[in-house]
Amino acid sequence: MTGVSGTGSGCLQCCPFPNANDCLKEIEYAFDTLKADGVGLLSSYSNKWHGDAAFADVFRELSRRKTIIYTHAQVGDCCQSLVAGIGDITIEYNTDTARTIISMIESGRAAECPHAKFIYSHAGGTILALPGRFLGEQATRASLAKQADPKSRLGQLRRFYYDTAGSANPIQMTALRQLIGVQQIVFGTDFPFGSSASIAAGLEESGVFSAEELRAIDRGNALRLVPKFA
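Mapping of the sequence shown onto our numbering: position 74 corresponds to residue 640, and the numbering continues sequentially without gaps.
Derived by calculation from the structure, the hints in this document are not laboratory data.
One thing to keep in mind: the hints can contain errors.
To be verified - List time: in silico SDA-like cross-link candidates among lysine to any residue, alpha-carbon distance up to 25 Å:
no. : residue 1 : residue 2
1   : Lys683    : Glu771
2   : Lys712    : Ile652
3   : Lys614    : Arg630
4   : Lys601    : Cys645
5   : Lys712    : Asp623
6   : Lys717    : Asp623
7   : Lys614    : Ala708
8   : Lys683    : Lys717
9   : Lys712    : Thr692
10  : Lys717    : Pro758
11  : Lys683    : Ala695
12  : Lys712    : Asp756
Note that the coordinates shown come from a computational prediction; the quantities given were computed from them, not determined experimentally.
From just these sequences and the hints, can you work out the full model?
As C-alpha cells, this is what we get:
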C-alpha cells in the first residue's frame with residue numbers, strides 16, 4: 567500500500583481503520599483533493615473483517631465513488647503465533663484474506679457496494695480451498711462451467727479481482743482460473759518481498775495460461791480497473 571503522492575499518478579490511499587469516521591474524512595481528502603485512484607486496506611483490523619457493521623458506511627462511500635479497493639493480507643489479532651515455529655505469513659495471511667472475502671459476501675456488504683472494484687492479494691488466499699464448504703452445489707463442474715447468478719456466492723466471488731502475488735504456481739493458478747476466470751486475475755508481486763520477474767516467470771512456467779491470457783493478466787485486465795493508463 568502507498569499513500570497518495572500527487573495528482574495524476576496511479577496511487578492508493580491508506581485509510582485509518584478501525585475508526586470509520588476518520589476513514590470517511592480521509593476518503594474525502596484523498597479523492598477530492600489528491601485525486602486518488604483507490605484505497606489500500608489490510609484484511610482485518612482489531613478482530614474486525616471488512617463485512618463488519620462498523621465499517622459499513624466506509625464501504626458504501628467507496629462504492630458511491632466507484633473506486634478501487636485493494637486488500638492486502640495480514641494476521642488478525644485472534645490468530646497470531648498459533649503454531650509454534652511457523653510464521654504467521656505461512657498460514658494466517660491467506661486465511662485472513664479468505665475471512666474478509668467471506669465476511670463481505672455473507673454480511674451483504676459486497677452486494678450493497680455494486681460500484682466498488684475489489685482486488686484481493688495472493689489469489690484470494692485460502693478462498694481457493696473453501697468452495698466445497700462455502701459454495702456447496704455451486705462448486706460442481708456443471709455450475710462452474712456456466713455464468714453464475716451475480717447475487718449468488720459464486721457470482722460475488724467472480725465479481726472480485728485477485729492478484730498473483732505469492733501465488734504464481736500451477737496449483738493456485740489452476741484453481742483460480744477454474745473458480746474465477748482469467749479476466750479477473752491481475753498481476754501482483756508483493757514487492758519488495760517478490761519481484762516482477764519471478765512472478766512473470768512463475769505464471770509462464772505454470773502452463774495454465776495462453777500467451778494472450780498472460781498479456782491480459784500482465785496489463786489488459788488492470789486497464790479495465792484504471793482505464794486512464796490505456
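Okay, the hints, checked on the actual structure:
no.: 1; hint: Lys683 / Glu771; verdict: violated, 29 Å
no.: 2; hint: Lys712 / Ile652; verdict: violated, 40 Å
no.: 3; hint: Lys614 / Arg630; verdict: holds, 22 Å
no.: 4; hint: Lys601 / Cys645; verdict: violated, 36 Å
no.: 5; hint: Lys712 / Asp623; verdict: violated, 34 Å
no.: 6; hint: Lys717 / Asp623; verdict: holds, 21 Å
no.: 7; hint: Lys614 / Ala708; verdict: violated, 35 Å
no.: 8; hint: Lys683 / Lys717; verdict: holds, 16 Å
no.: 9; hint: Lys712 / Thr692; verdict: holds, 23 Å
no.: 10; hint: Lys717 / Pro758; verdict: violated, 37 Å
no.: 11; hint: Lys683 / Ala695; verdict: holds, 23 Å
no.: 12; hint: Lys712 / Asp756; verdict: violated, 32 Å
Of the hints listed earlier, those the structure fails to meet are numbers 1, 2, 4, 5, 7, 10 and 12, in rising order.
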